[in-house]
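Work the whole structure out from these sequences, hints included.
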Amino acid sequence: MVLALAIETSCDDTAASVVDAQLHVHSSVIESSIDQHRAFGGVVPELAGRAHLTTIAPVVRRALLDAGLDPHAPAIDVIAVTSGPGLVGSLLIGLSAAKAYALAWDVPFVGVNHLEGHLFAPLLERPDLEWPIVTLLVSGGHSMIVLQHGPGQHEVLGETIDDAAGEAYDKVARWLGLAYPGGPEIDRLAATGTPGTLKLPVSMTGDDYDFSFSGLKTAVVRATEKNPEVAVADVAASFQAAVSEQLLRKLRRTLVANPALRAVALAGGVAANSALRRGVEELASEFGVVALLPSLSMCTDNAAMIAAAGLYRFAHNGPSDFALSARPNWALAEVS
Amino acid sequence: MNILAIETATAVCAIGLRTTDGFELGWVVDEDRHHTEVLTSSIARALAQLDLRARDLDRVVVDRGPGLFTGLRVGLATALGLSEGTGCSLVAVTSLELLAHGAHEEGTRGTLVCCVDGRRGEVFIQNFRLDDEVTALTSASVAVPRAVVIEWATNGAPVTFTGDGVERYLRDFAAVPNGTLEHQSVPSIAAALRLGATREPVAQVEPMYLREADAVANFSTRQRS
Ligand SMILES: [Zn+2]
Numbered sequence: 001m002v003l004a005l006a007i008e009t010s011c012d013d014t015a016a017s018v019v020d021a022q023l024h025v026h027s028s029v030i031e032s033s034i035d036q037h038r039a040f041g042g043v044v045p046e047l048a049g050r051a052h053l054t055t056i057a058p059v060v061r062r063a064l065l066d067a068g069l070d071p072h073a074p075a076i077d078v079i080a081v082t083s084g085p086g087l088v089g090s091l092l093i094g095l096s097a098a099k100a101y102a103l104a105w106d107v108p109f110v111g112v113n114h115l116e117g118h119l120f121a122p123l124l125e126r127p128d129l130e131w132p133i134v135t136l137l138v139s140g141g142h143s144m145i146v147l148q149h150g151p152g153q154h155e156v157l158g159e160t161i162d163d164a165a166g167e168a169y170d171k172v173a174r175w176l177g178l179a180y181p182g183g184p185e186i187d188r189l190a191a192t193g194t195p196g197t198l199k200l201p202v203s204m205t206g207d208d209y210d211f212s213f214s215g216l217k218t219a220v221v222r223a224t225e226k227n228p229e230v231a232v233a234d235v236a237a238s239f240q241a242a243v244s245e246q247l248l249r250k251l252r253r254t255l256v257a258n259p260a261l262r263a264v265a266l267a268g269g270v271a272a273n274s275a276l277r278r279g280v281e282e283l284a285s286e287f288g289v290v291a292l293l294p295s296l297s298m299c300t301d302n303a304a305m306i307a308a309a310g311l312y313r314f315a316h317n318g319p320s321d322f323a324l325s326a327r328p329n330w331a332l333a334e335v336s
Numbered sequence: 001m002n003i004l005a006i007e008t009a010t011a012v013c014a015i016g017l018r019t020t021d022g023f024e025l026g027w028v029v030d031e032d033r034h035h036t037e038v039l040t041s042s043i044a045r046a047l048a049q050l051d052l053r054a055r056d057l058d059r060v061v062v063d064r065g066p067g068l069f070t071g072l073r074v075g076l077a078t079a080l081g082l083s084e085g086t087g088c089s090l091v092a093v094t095s096l097e098l099l100a101h102g103a104h105e106e107g108t109r110g111t112l113v114c115c116v117d118g119r120r121g122e123v124f125i126q127n128f129r130l131d132d133e134v135t136a137l138t139s140a141s142v143a144v145p146r147a148v149v150i151e152w153a154t155n156g157a158p159v160t161f162t163g164d165g166v167e168r169y170l171r172d173f174a175a176v177p178n179g180t181l182e183h184q185s186v187p188s189i190a191a192a193l194r195l196g197a198t199r200e201p202v203a204q205v206e207p208m209y210l211r212e213a214d215a216v217a218n219f220s221t222r223q224r225s
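Protein chains in written order, with the working numbering: chain D, 1 to 336; chain Z, 1 to 225.
These are computed hints drawn from the structure, not numbers from a lab.
Hints are not guaranteed to be accurate.
Said to hold, decoys possible - Not the full set, but computed from the structure, chain Z residues with beta-carbon under 8 Å of chain D:
# : residue
1 : Thr40
2 : Ala54
3 : Val74
4 : Leu80
Small disclaimer: the values here were computed from a predicted structure and weren't measured.
Ideal Cβ positions, reconstructed from N, Cα and C, are used throughout, including at glycine.
Structure, rendered in structure tokens:
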């Protein structure tokens, strides 16, 4: 049985996981430094880097112990590590540690693209899925529609031209005086509000697959200033509906244009959003395809998804060299 | 005892190996901040050269700073991975004491001021007395080079300055009439091997930052991805 240990430190989560080649997850450990960032309303790179350095060794040890392995001599065949994109100071810690473990155990290691990791997350829960599929990858740093012809074979159809969806959520939440991160807060409030109370523009109506959310954020600010009597819950519901509408409209376009698609998947932190999950389920049943809605722990950053992508990359491209450096701006389109 | 020393606190990246048989080697593996690319491959090469494997290591010694944050992260994460991975012991030393012990080995005596370049117009600094032994006179702190220069020029006592912080602000430090400039400017890897052999191992290494994270961060934030 081929076993991979994966390490993920691209942002504020220190994560490690042991996964086998059949994509069974033997362990998955995540230690977040999010509490340290809350007061700043966003992830502070220096704080994140310092936290990774403190947590990296204990997190890896726990992932190995949880998988029933000896931390000093584990029966690991390959180490997968996120080498980009992300915060460079954070990436460097996971990457350096991964190389050191590889040297210590005399096993190969492979650098993994974090976004490709997100694309592999649905496979961990549905290894039997049929191709091709379309994935809506939405997080605080990214928003894109990706056509996947098979594992590791992806084509980016469109992405955001300004803010990421999660970023818009955080900015609107800050404007409304809600806690950081804003996504879960707005989602919770939206459940009690009425969508459409606040009139927001429908944007990105062109025949492409790109997104734009910065105008929507500005529109929320203007509309709430003009209509201060609108309840916060209604603002949240209106904003959430507008974001989902745009994302789902582009997803629908993709399904119309690609009748061979067998499934539609959600990935990334915003995939935890209830309106989006509902919308994707409806879209899937309308088009007669499978809805791949990973569990919440698989949507957000984790190392199991890095292991899955790493096992694929190692099998197809071989190991990485110790000279590998971090690539903070590594685009998904450059991965092959 | 087979000991590996890792030093990444400055723009120079160095490693050292001392074996049970008494072989001792030190390498400067890079001089221009390519720590990520060169460190692990250099350690692998060094071990191979002495016919050792990583699991033959009994101890890893690491410079925990103060110094360049990027380099320190690479060095510390590598040291943690190696010691955790092999189960060998881990020992921490500081860049400032490596400078002091390096100068001592070179024969420097008297009062020594060690300065590591801290960027942003500041140096990480610590004063030592060098006689038969090396004794720290102050604890490590952050200082503005001009203030250090004025303090010693006013004091008038003979003093030696060393470290890449001195090199960086050479003209300032050269203006101290009672001062001598030491040319050994990087933390000594030989001193790291020697100090590391006698120190008590630690469970977790705390980097010596000397600056608050939020001051470094300057309130800049990023989106989660
Ligand atoms: Zn992510």
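Do the hints match the structure? See the list:
1. Interface restraint check for threonine 40(Z): the shortest CB-CB distance to chain D comes to about 4 Å, inside 8 Å, so the restraint holds.
2. This hint holds: alanine 54(Z) has a C-beta 5 Å from the nearest C-beta of chain D, less than the 8 Å allowed.
3. The interface hint given for valine 74(Z) is met, as the beta carbon of that residue sits about 5 Å from the closest beta carbon of chain D, less than 8 Å.
4. Because the closest C-beta pair between leucine 80(Z) and chain D is about 5 Å apart, less than 8 Å, the hint holds.
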